[in-house]
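Q: Sequence:
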Amino acid sequence: MVRAMNYEEADDKILMECISNGDKNALESLYSRYSRPVFSLSIHMLRDPTAAEEVTQDTFFNVWRRAGSYKPNRGKVTSWLFSIAHNRTIDELRKRRREYNRVQYDVDLTNRPTESRSDDPTEYVSVQFEGTRLKSALMTLRPEQRDVVVLAYFGGLTHSEISRELDQPLGTVKTRMRLAMKKLREVLEPQIRESAEHGL
Numbered sequence: 000m001v002r003a004m005n006y007e008e009a010d011d012k013i014l015m016e017c018i019s020n021g022d023k024n025a026l027e028s029l030y031s032r033y034s035r036p037v038f039s040l041s042i043h044m045l046r047d048p049t050a051a052e053e054v055t056q057d058t059f060f061n062v063w064r065r066a067g068s069y070k071p072n073r074g075k076v077t078s079w080l081f082s083i084a085h086n087r088t089i090d091e092l093r094k095r096r097r098e099y100n101r102v103q104y105d106v107d108l109t110n111r112p113t114e115s116r117s118d119d120p121t122e123y124v125s126v127q128f129e130g131t132r133l134k135s136a137l138m139t140l141r142p143e144q145r146d147v148v149v150l151a152y153f154g155g156l157t158h159s160e161i162s163r164e165l166d167q168p169l170g171t172v173k174t175r176m177r178l179a180m181k182k183l184r185e186v187l188e189p190q191i192r193e194s195a196e197h198g199l
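Numbering (numbering that gives the first Met the number 0), first residue to last: 0 to 199.
Just so you know, these hints were derived from the structure itself, not from any lab. Some hints could be false.
The list that follows gives simulated cross-link-like pairs (lysine-lysine, DSS-like), each with its CA atoms no further than 30 angstroms apart [to be verified]:
hint: 1; residue 1: 94; residue 2: 182
hint: 2; residue 1: 181; residue 2: 75
hint: 3; residue 1: 94; residue 2: 134
hint: 4; residue 1: 182; residue 2: 134
hint: 5; residue 1: 134; residue 2: 12
hint: 6; residue 1: 23; residue 2: 70
hint: 7; residue 1: 173; residue 2: 94
hint: 8; residue 1: 134; residue 2: 173
hint: 9; residue 1: 75; residue 2: 182
hint: 10; residue 1: 134; residue 2: 70
hint: 11; residue 1: 23; residue 2: 75
hint: 12; residue 1: 173; residue 2: 70
hint: 13; residue 1: 134; residue 2: 181
hint: 14; residue 1: 23; residue 2: 12
hint: 15; residue 1: 70; residue 2: 182
hint: 16; residue 1: 70; residue 2: 12
hint: 17; residue 1: 12; residue 2: 173
hint: 18; residue 1: 75; residue 2: 134
hint: 19; residue 1: 75; residue 2: 12
Cβ pair distances, simulated, as ranges [claimed, not checked]:
hint: 20; residue 1: 138; residue 2: 192; range: 13 to 23 angstroms
hint: 21; residue 1: 21; residue 2: 181; range: 16 to 26 angstroms
hint: 22; residue 1: 192; residue 2: 8; range: 47 to 57 angstroms
hint: 23; residue 1: 94; residue 2: 142; range: 20 to 30 angstroms
hint: 24; residue 1: 90; residue 2: 170; range: 34 to 44 angstroms
hint: 25; residue 1: 73; residue 2: 171; range: 32 to 42 angstroms
hint: 26; residue 1: 71; residue 2: 8; range: 15 to 25 angstroms
hint: 27; residue 1: 8; residue 2: 189; range: 20 to 30 angstroms
hint: 28; residue 1: 178; residue 2: 23; range: 34 to 44 angstroms
hint: 29; residue 1: 138; residue 2: 21; range: 18 to 28 angstroms
Heads up, the beta-carbon is just placed ideally off N, CA and C, and yes, glycines get one too.
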């Protein structure tokens, strides 16, 4: 007798395999696990709950449609999922920019989880810039550093939760976060100063 699938306990990669085979229950399980952090990512960037909810729904629609393109040997399901969510959010920002000429939004990196704040080399980084600058800055990071930034600041996960999601030691997660923050400061601070000098 075939044992029934336990979706709640199934590994993310198993769920993705099921989704690629048209299993809607697997998609619902993945949605239950990650819809909140995906929504959190989007609302931090859009500052609009309605738009963030639409992005969340679109993200999981794309997961359903593109599940077969996920390659387990290339990274975690969460990295792939948040990449889709981030790109979809950037698309929404670009749409708004076209409609309203220019859209600016605030990314307050102090809004990350308070856990282990003391090992971060900076107390906070609060900047205002266009969505394209944020995407460009994130893309300067190594993939493993970008993953922890997205999961922490936009996904709302703590260091410990990121450690579990990425299956990496807590110390490794903290180190990646520290290096990522240093790099982001190096990339963004000159742009912020230039904008301030020109009154932008």
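Q: Would the hint linking residue 134 and residue 181 be met if the CA-CA limit is 30 angstroms?
A: holds (16 angstroms)
Q: Run the distance test for residue 12 versus residue 173: straight-line Cα separation, threshold 30 angstroms.
A: holds (25 angstroms)
Q: Tell me if the beta carbons of residue 192 and residue 8 are separated by a distance inside 47 to 57 angstroms.
A: holds (50 angstroms)
Q: So does residue 138 sit 13 to 23 angstroms from residue 192, Cβ to Cβ?
A: holds (21 angstroms)
Q: Does the structure keep residue 70 and residue 182 at a Cα separation of 30 angstroms or less?
A: holds (28 angstroms)
Q: CA of residue 173 to CA of residue 70, is that 30 angstroms or under?
A: holds (26 angstroms)
Q: Hint check: residue 75 vs residue 134, CA-CA at most 30 angstroms. Holds or violated?
A: With a Cα-Cα distance of about 20 angstroms, the restraint between residue 75 and residue 134 holds, given a limit of 30 angstroms.
Q: Range first: 34 to 44 angstroms. Now tell me if the beta carbons of residue 178 and residue 23 are that far apart.
A: Holds: the Cβ-Cβ distance is about 40 angstroms, inside 34 to 44 angstroms.
Q: For residue 94 and residue 142, compare the CB-CB distance with the range 20 to 30 angstroms and indicate the outcome.
A: The hinted range 20 to 30 angstroms holds for residue 94 and residue 142, with Cβ atoms some 27 angstroms apart.
Q: For the pair supplied as a hint, residue 134 and residue 70, confirm whether the alpha-carbon distance does not exceed 30 angstroms.
A: Between residue 134 and residue 70 the Cα gap is close to 23 angstroms, so the pair holds against 30 angstroms.
Q: Between the beta carbons of residue 71 and residue 8, is the distance compatible with 15 to 25 angstroms?
A: holds (18 angstroms)
Q: Range hint 34 to 44 angstroms: satisfied by the CB atoms of residue 90 and residue 170?
A: holds (36 angstroms)
When held up to the earlier numbered hints, the structure conflicts with 7, 21, 25, 27 and 29 and fits the remainder.
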